[in-house]
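**Student:** Spelled out, the chains give:
Number of protein chains: 2
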Amino acid sequence: MRTTQYLLGTLKENPANAEVVSHQLMLRAGMVRRVAAGLYTWTPTGLKVLRKVEQIVREEMAAAGALEILMPMVQPADLWQESGRWEDYGPELLRLKDRHQREFVLGPTHEEVISELVRKEISSYKQLPMNLFQIQTKFRDEIRPRFGVMRSREFIMKDAYSFHTSDACLEKTYQAMYDAYTRIFTRLGLNFRPVIADTGSIGGDMSHEFHVLASSGEDAIAFSTESDYAANVELAEAVAPSTPRDEATQELNKQATPNVKTIDDLVSQFNVAIEQTVKTLIVHGTDDHGEPTLVALVIRGDHSLNEIKAAKIKGVLSPLVFATEEEIQAAVGAGPGSLGPVGLKLRTIVDRSAAVLSDFVTGANDDGYHYFGVNWERDAACTEVEDLRDVVEGDPSPCGKGTVRIARGIEVGHIFQLGTTYSDAMKVSVLNESGKSQNLAMGCYGIGVSRIVAAAIEQHHDDKGIIWPEATAPFQVCILPMNMHKSVRVKEVAENLYSELQAAGFDVLFDDRKERPGVMFADMELVGVPHTIVIGERNLDEKAVEYTARNSSEKVKMPIEDVVSYLKGL
Amino acid sequence: MRTTQYLLGTLKENPANAEVVSHQLMLRAGMVRRVAAGLYTWTPTGLKVLRKVEQIVREEMAAAGALEILMPMVQPADLWQESGRWEDYGPELLRLKDRHQREFVLGPTHEEVISELVRKEISSYKQLPMNLFQIQTKFRDEIRPRFGVMRSREFIMKDAYSFHTSDACLEKTYQAMYDAYTRIFTRLGLNFRPVIADTGSIGGDMSHEFHVLASSGEDAIAFSTESDYAANVELAEAVAPSTPRDEATQELNKQATPNVKTIDDLVSQFNVAIEQTVKTLIVHGTDDHGEPTLVALVIRGDHSLNEIKAAKIKGVLSPLVFATEEEIQAAVGAGPGSLGPVGLKLRTIVDRSAAVLSDFVTGANDDGYHYFGVNWERDAACTEVEDLRDVVEGDPSPCGKGTVRIARGIEVGHIFQLGTTYSDAMKVSVLNESGKSQNLAMGCYGIGVSRIVAAAIEQHHDDKGIIWPEATAPFQVCILPMNMHKSVRVKEVAENLYSELQAAGFDVLFDDRKERPGVMFADMELVGVPHTIVIGERNLDEKAVEYTARNSSEKVKMPIEDVVSYLKGL
Numbered sequence: 001m002r003t004t005q006y007l008l009g010t011l012k013e014n015p016a017n018a019e020v021v022s023h024q025l026m027l028r029a030g031m032v033r034r035v036a037a038g039l040y041t042w043t044p045t046g047l048k049v050l051r052k053v054e055q056i057v058r059e060e061m062a063a064a065g066a067l068e069i070l071m072p073m074v075q076p077a078d079l080w081q082e083s084g085r086w087e088d089y090g091p092e093l094l095r096l097k098d099r100h101q102r103e104f105v106l107g108p109t110h111e112e113v114i115s116e117l118v119r120k121e122i123s124s125y126k127q128l129p130m131n132l133f134q135i136q137t138k139f140r141d142e143i144r145p146r147f148g149v150m151r152s153r154e155f156i157m158k159d160a161y162s163f164h165t166s167d168a169c170l171e172k173t174y175q176a177m178y179d180a181y182t183r184i185f186t187r188l189g190l191n192f193r194p195v196i197a198d199t200g201s202i203g204g205d206m207s208h209e210f211h212v213l214a215s216s217g218e219d220a221i222a223f224s225t226e227s228d229y230a231a232n233v234e235l236a237e238a239v240a241p242s243t244p245r246d247e248a249t250q251e252l253n254k255q256a257t258p259n260v261k262t263i264d265d266l267v268s269q270f271n272v273a274i275e276q277t278v279k280t281l282i283v284h285g286t287d288d289h290g291e292p293t294l295v296a297l298v299i300r301g302d303h304s305l306n307e308i309k310a311a312k313i314k315g316v317l318s319p320l321v322f323a324t325e326e327e328i329q330a331a332v333g334a335g336p337g338s339l340g341p342v343g344l345k346l347r348t349i350v351d352r353s354a355a356v357l358s359d360f361v362t363g364a365n366d367d368g369y370h371y372f373g374v375n376w377e378r379d380a381a382c383t384e385v386e387d388l389r390d391v392v393e394g395d396p397s398p399c400g401k402g403t404v405r406i407a408r409g410i411e412v413g414h415i416f417q418l419g420t421t422y423s424d425a426m427k428v429s430v431l432n433e434s435g436k437s438q439n440l441a442m443g444c445y446g447i448g449v450s451r452i453v454a455a456a457i458e459q460h461h462d463d464k465g466i467i468w469p470e471a472t473a474p475f476q477v478c479i480l481p482m483n484m485h486k487s488v489r490v491k492e493v494a495e496n497l498y499s500e501l502q503a504a505g506f507d508v509l510f511d512d513r514k515e516r517p518g519v520m521f522a523d524m525e526l527v528g529v530p531h532t533i534v535i536g537e538r539n540l541d542e543k544a545v546e547y548t549a550r551n552s553s554e555k556v557k558m559p560i561e562d563v564v565s566y567l568k569g570l
Numbered sequence: 001m002r003t004t005q006y007l008l009g010t011l012k013e014n015p016a017n018a019e020v021v022s023h024q025l026m027l028r029a030g031m032v033r034r035v036a037a038g039l040y041t042w043t044p045t046g047l048k049v050l051r052k053v054e055q056i057v058r059e060e061m062a063a064a065g066a067l068e069i070l071m072p073m074v075q076p077a078d079l080w081q082e083s084g085r086w087e088d089y090g091p092e093l094l095r096l097k098d099r100h101q102r103e104f105v106l107g108p109t110h111e112e113v114i115s116e117l118v119r120k121e122i123s124s125y126k127q128l129p130m131n132l133f134q135i136q137t138k139f140r141d142e143i144r145p146r147f148g149v150m151r152s153r154e155f156i157m158k159d160a161y162s163f164h165t166s167d168a169c170l171e172k173t174y175q176a177m178y179d180a181y182t183r184i185f186t187r188l189g190l191n192f193r194p195v196i197a198d199t200g201s202i203g204g205d206m207s208h209e210f211h212v213l214a215s216s217g218e219d220a221i222a223f224s225t226e227s228d229y230a231a232n233v234e235l236a237e238a239v240a241p242s243t244p245r246d247e248a249t250q251e252l253n254k255q256a257t258p259n260v261k262t263i264d265d266l267v268s269q270f271n272v273a274i275e276q277t278v279k280t281l282i283v284h285g286t287d288d289h290g291e292p293t294l295v296a297l298v299i300r301g302d303h304s305l306n307e308i309k310a311a312k313i314k315g316v317l318s319p320l321v322f323a324t325e326e327e328i329q330a331a332v333g334a335g336p337g338s339l340g341p342v343g344l345k346l347r348t349i350v351d352r353s354a355a356v357l358s359d360f361v362t363g364a365n366d367d368g369y370h371y372f373g374v375n376w377e378r379d380a381a382c383t384e385v386e387d388l389r390d391v392v393e394g395d396p397s398p399c400g401k402g403t404v405r406i407a408r409g410i411e412v413g414h415i416f417q418l419g420t421t422y423s424d425a426m427k428v429s430v431l432n433e434s435g436k437s438q439n440l441a442m443g444c445y446g447i448g449v450s451r452i453v454a455a456a457i458e459q460h461h462d463d464k465g466i467i468w469p470e471a472t473a474p475f476q477v478c479i480l481p482m483n484m485h486k487s488v489r490v491k492e493v494a495e496n497l498y499s500e501l502q503a504a505g506f507d508v509l510f511d512d513r514k515e516r517p518g519v520m521f522a523d524m525e526l527v528g529v530p531h532t533i534v535i536g537e538r539n540l541d542e543k544a545v546e547y548t549a550r551n552s553s554e555k556v557k558m559p560i561e562d563v564v565s566y567l568k569g570l
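Going down the list, the sequences are from chains W and S.
Under UniProt numbering, the first residue of the first sequence carries the number 1, and numbering increases by one thereafter.
Under UniProt numbering, the first residue of the second sequence carries the number 1, and numbering increases by one thereafter.
No wet-lab data here; the hints were simulated from the structure.
Nothing here was measured: the structure is a model prediction, and the numbers come from that model.
Mixed in with the good hints, there may be bad ones.
Identical copies look the same in the list; a pair holds intra-copy or inter-copy alike.
[To be verified] Below, computed lysine to any residue pairings styled on SDA-like, alpha-carbon distance capped at 20 Å:
#1 Lys514 / Val490
#2 Lys568 / Ala503
#3 Lys120 / Val35
#4 Lys126 / Arg2
#5 Lys543 / Ser318
#6 Lys120 / Gln5
#7 Lys543 / Val490
#8 Lys52 / Ala62
#9 Lys312 / Glu386
#10 Lys48 / Gln136
#11 Lys52 / Gln136
#12 Lys543 / Ala240
#13 Lys97 / Val35
#14 Lys120 / Thr10
Whole structure, please, built from the sequences with the hints as guidance.
**Tutor:** The structure is reproduced here in structure tokens:
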């Protein structure tokens, strides 16, 4: 491709309102343009990358036995009413009416449409298992679209759905998808982690997210220093301390703490270690008779509450609802900053790490006072102990090996064992080997195809621009002729090399613009072409050109006739 | 692909509500499934064909210098308000609101979005011409979606838009697109015609449709027996008769025709040739002062009025509005079945073929009476003569060579020279060579990618199923082993041949089902795989298999080891 016949669209300046690096670089490198909030046009350079990602995904899905189909973006409401998600799905589901006032949705996902297809097409266990996928445009009406294509409203996803007569069969396909995803992200040249994940609102039994590791990632991932274990921090277990609780050595001692509003105040004013403090949080729940009640959650002062874990405890409202200051005053007679388990007349659940403390400090349920030298059993009951907190770096790994490290990740894939949730709701059944009707076990497997492009950039860039992995580079090689419009010799060598490289099967960008060398270098570094051949008068006396790799600053002078074989060898 | 691991989805019976052959066969061959009115899922066999069509379109567009991009399906209303089409576009434009009550449309076409892109990206004539295309999902809210993917609501289109600083440059790209389309439809193995077309509501100066010829086509195309001339019948000129009007030989003679309600009644009851009759149609128009008036249109009894031609005449309402029976009675004093030019007190426009008649028959503007022996000038004025009728077979061709034939066509492509219509409305301008701002000339070029699949079937099928052209066949070869589950030998040969053909690069369907031979043959003929290898016990004694081509009934016995080279040779 000649630059003069191409829509390069590079920008010198960082555009306003682009917060993350990938969004900035995708705009600056001419990959996308904004049409409206969360809606983008993929310009030629961006689309080339997107298509390469799609192709790798397609090949590996097919190699894993999945069959490609294409479902519509506009879906009839009645299917969503049947699954129950017409009511349950929030405003991210864009509902619309056609000219006849019939209701439809813009598909954010396709469980309903695929269930409708499979219940009509598949009647016998003999046709199973079956795994169907599509690479298709989806729409989610994000309340605040941001980060460019990372969280856009219209986006491209690979979604696959598998159907089975047994959980064992589902588990086998799930593993095949896990393996295919591993191959896909490996081929894409990404540093990624499969992560045990919460199944969330989509339901089901087992789930892994695939995260591209990048400091800008929205998710925190806990992984082991010594094994493959990785889990979303939302889900990673904070294992129970292996050492028992120490004996009490101090008397219970109530002190005035008039200027203490926070744990930090307590630590700094009273010279206590933060690990020797606990904080008490009050949330809504129900008692054994189903009546509304309040529940106290106690965690160590230096830990943070994991709301997902807490909400899973019986008798605690899910999702978690915190008591208001008024509700706390009414129930305890003190403000939220003065709470503690001593003498507390509420159901009290203690985090595992808080439960092994002795001689600790806590609010006295009396504004302006704290208890020091508190000990469980003697001063406060400790009958319910649970995992309530987020893991932190240095915790023992839940897998039993090594300790926990925490990294940021961008979710680019998610696989689920859904079980029969949708099959039950939508009556997706076949006759099994015994001739009986059986609802099918279902798996679903998503990859954020357009998001991968942004994630790859988050992981592969420097201050000059993008550094594409070979597999997804928009062009493999670029030819930069220096002042070609003044030098017949440079032009001739450049044109010849362009033809030669094209003939050898390379996807080449030939920068034939009348631009200063500095502009050309800056553009190619910004776009991130992996290999650059610079043709200048100086080297031509020796019949040589200069090669540079985007991921290196080294300049390699080589004879013109060696270029093709050198690039082929890389 | 093994049939047992595939979603073949063939149906024995013609599905209800599938009117045209392609719709029936696409359902029966397991290519698509209906999700709702005008919304389809492309199942594996259908999608394979669709992707092959897409790829050919993509390659030829790129070869013609167009750059691929991808614009969003959901488009902001403000762009449509700017172009004026928010008001002008009918209910086929699906309007919707997002969660913030902002207005959007589901894109039926992308002139607005591309204009917005180009006016931001292109600032200088040096960057032009530029031709941008996408292969993308569109939505048109058809009032009555039908014929399967032929007239669906969600469909895949290739749309391209070119931008130019001069009409000459636009014409050059237009010709390049004309040529690319010709290559595309040729590679697709389709019998097609480029046809001069009406620019219709999209506006502009020049337009060609590309039609796949098929008896089920919705459009009538007039083409020359002796040249490349082809035009939509809507547009094809009915050239003026070259022979002058004969002299009058009869007296004007008013006769009672009490039982004549139609031209056919007249012909059968009074022994007149239909070519010697005229009919008179009354439409609404405006007079020289812009006041509403009625206008009479006179055409030969055997001809049909071309409403598009009539509506283009000055003083005639466009689109054409026929006068009601009451309006005719009030103006003429007779019913619509008794009208004629003799003594008619309305502006009268006479078709070229009617204008050369002499001694003809017409209504007497008196119910129950006709005039016989009518002659122009003597009995009725003939001051305005226009081309008012549809061409018919046998007419001289408007190109001057040969005569007109009429064929049915399915429109699969349409190219337009739009001129500056959109550029003026949306201010798409650049600085030209003189440094002045200039609105760009624009071309647009569409191909109905999903419709092509149906059109190919309309043209290539027999009573057993589809007969795919090689370029778009879902599989190139199928292997049909007879009773493989009872014969180790058949199974072994079939498996080996399957591996061999795959290794040789063929896309093979291996029918490994436990089905009777009749079922297997019927399915493969229905799906339309071009080449079939039948492996049976009988021929294996001679180490032979049987080859058949889908488009022939001949059976060719050949040694097993010759199969790969034979297929490669085809």
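**Student:** Just pull the numbers of the violated hints for me, sorted ascending.
**Tutor:** Those not satisfied are hints 5, 12.
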